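Construct the complete structure from the given sequences, taking the supplied hints into account.
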Amino acid sequence: MPNITLPDGNVLTFDKKVTGLKVAEKISKSLSKQALVISINGQLKDLNYEIDKDCSIKIFTSKDKEGIETIRHDTAHILAMAVQELFPGTQVTIGPVIENGFYYDFARKDSFTQEDLLKIEKKMQEIVERDEPTHREVWERDKAIEHFKKAGEIYKAEIIKSIPKGEEVSLYFHGKWHDLCRGPHLLSTGKVGKFFKLTKVAGAYWRGDSNNEMLQRIYGTSWSSQKDLDDYLKRIEEAEKRDHRKLGKEMDLFHFREESPGSVFWHEKGWNLFQKLISYMRQKQDEAGYKEINTPEILDRSLWEKSGHWEKFGANMYTSTTPDEKVFAIKPMNCPGCVQVFNQGLKSYRDLPLKMSEFGKVHRYEPSGALHGLLRVRAFTQDDAHIFCTEDQITEECLSVTNLILEIYKDLGFENVILKYSDRPDLRVGDDDVWDKSEKALLEAIKESKLEYSINKGEGAFYGPKIEFVLRDAIGRDWQCGTLQVDLNLPGRLGASFVDKDGSKKVPVMLHRALFGSLERFIGILIENYAGKLPFWISPLQAMVIPVSDDFNTYAIEVNKKLKKSGITSEVDLKNHNLNYKIREHSLTKIPLLLICGKKEVDSNTVTIRRLDSKEQENMEIKKLIEKFSSQAKSPS
RNA sequence: GCCCUUGUAGCUCAGCUGGUAGAGCAAUUGAUUUGUAAUCAAUAGGUCCGCGGUUCGAAUCCGUGCGGGGGCACCA
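Residue numbers (our numbering): 443 to 1079.
30 Å max Cα-Cα, derived DSSO-like pairs, lysine-lysine: (1) K803 with K688; (2) K718 with K1004; (3) K592 with K607; (4) K733 with K862; (5) K471 with K633; (6) K726 with K1004; (7) K1024 with K683; (8) K561 with K676.
In short, the hints are calculated from the structure, not lab data.
This one's a predicted model, so the numbers in the text were calculated from it and none came from an experiment.
So, in structure tokens, the structure goes:
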């Protein structure tokens, strides 16, 4: 006699056990048609699960996250079914739901080709049409292991072995085909609909461990309507258009080449952008009380041994042997160098907090497969700083770093910032009471900042807890940029000390912080966020002066000179092309202002402005133009 | 690093099953003097990523190295 409580509080009473589908039918016919999956006392179950006890339920449709995720999960099963029908002998492993889709990992000798993907997709459509009914069975563990072993499904057998004792081992059947699965699933393969697409094949390690063999992963996406699928594919396409590698080429900002994989060759315009960011940052840091320093790129091996890098970070370090056989390392981090500057001369507690910033270029030998445009490189410039302070100053200093980061992100158009807080890892140095103190101090700073934060348990650095600053861009992607770490280890290892009030020598606390993280990376993010249409003040080329014909060249040259003098980055285009051509060309390279000069303008001492992405024409006196845009050309302060 | 995929002119790409390369744009030169997203013509431009092999003959097939792309692993 189950009494079933609905989300609106109403209670339906049945005189015998009843399936979720039947409950949906009782509620409304349309719901029963749209129903995909049900939650019973908060646990997701199949719609044909039989309810025999009092409970509260909620029925999900494709409008709910639970519904669409079940569709994706079923699509993954159908993918596996299709693959095994087409390629007998292929072993199935796991096939979870991911953001916007799903994947399934297979073990097969031959590799899947792009054409195979199409074939598989077709077969999947067939399976949907066959509308194979789903049913679930709970098996005895050893029987299940035996069964899958016999069937040649070694990986599945492995998975069952790793299911904790006491947990149910359930199998899902779609027609004859079956898979070990926790569920829930749709009532039949037909419920999935046909709004899916296989997107790519890739390698993936068994159980995510690079010591294991590599499986073949097929990725796909699945939706509840053609429109949703099309929208998704469109979104992907739009994101591709923003790719900073593509835009960087089109806008003539930088390039990469074989001779130095993962290192940027900055072109004039890219470097201009780079320098604009640095000078903006200098000003900000100067105001915040930082002292800029610079330390050597190459330092003796002994220093890196002392700091612990040689042992802990050696695999990522470039080294250099001189003709006289001395071994140096090219710095992968700026901190040891910075501590040397701190160590020079006696420091007093009165000098603290001492904030030393450095635009330091570091080199790290990253695995070749990790390289990705500007976002993952082997040589990059950190907007680094190290703050030497006392333990009592930690919270305040952390807070001021957080504020500085937020201010800077805001100036660059990122208002949506999330924090990730990582606390002590298992492998760490320092006493627990010191950790208590530094974690508490850092957490306090986060709380005071009133920002949303998540906790990554045990993900801190070996020397201290850290915050990572994640910003969300214009199309909803998250990027990890800034970082702030509390270090109670390196200063001691490298012999840093200050004279305290009582005359005794003490070891200072060191905060490591980077605002953008890496200038290279941040520029990549900026390009993608703005789809190349950078804010005026940071645009590497802010204005192009275009004479209508060469009768007006002298005037255009004059205008360009005036602009340059007033601090606007501008050029004049004297090439023998017509106006249409020039407008197209310079619009494509995303120059914010096109300034047209013809007879009308010469006569009235004006230019006609055409802004990027606008067809409007605005006539303006030169004096006013300079007044208006020279202030906009400056970085925000 | 691992799996898959890819490498042809400055750029974007074509070149079927082997017979030593082609287009558009860009560049150069000339004509045109242009009023808001491609004016016309001519010229020049290539170690077909490198190395090795198969073959009478390789951009094309095979091996290998390097680079790019998509993932996985990595990301102090």
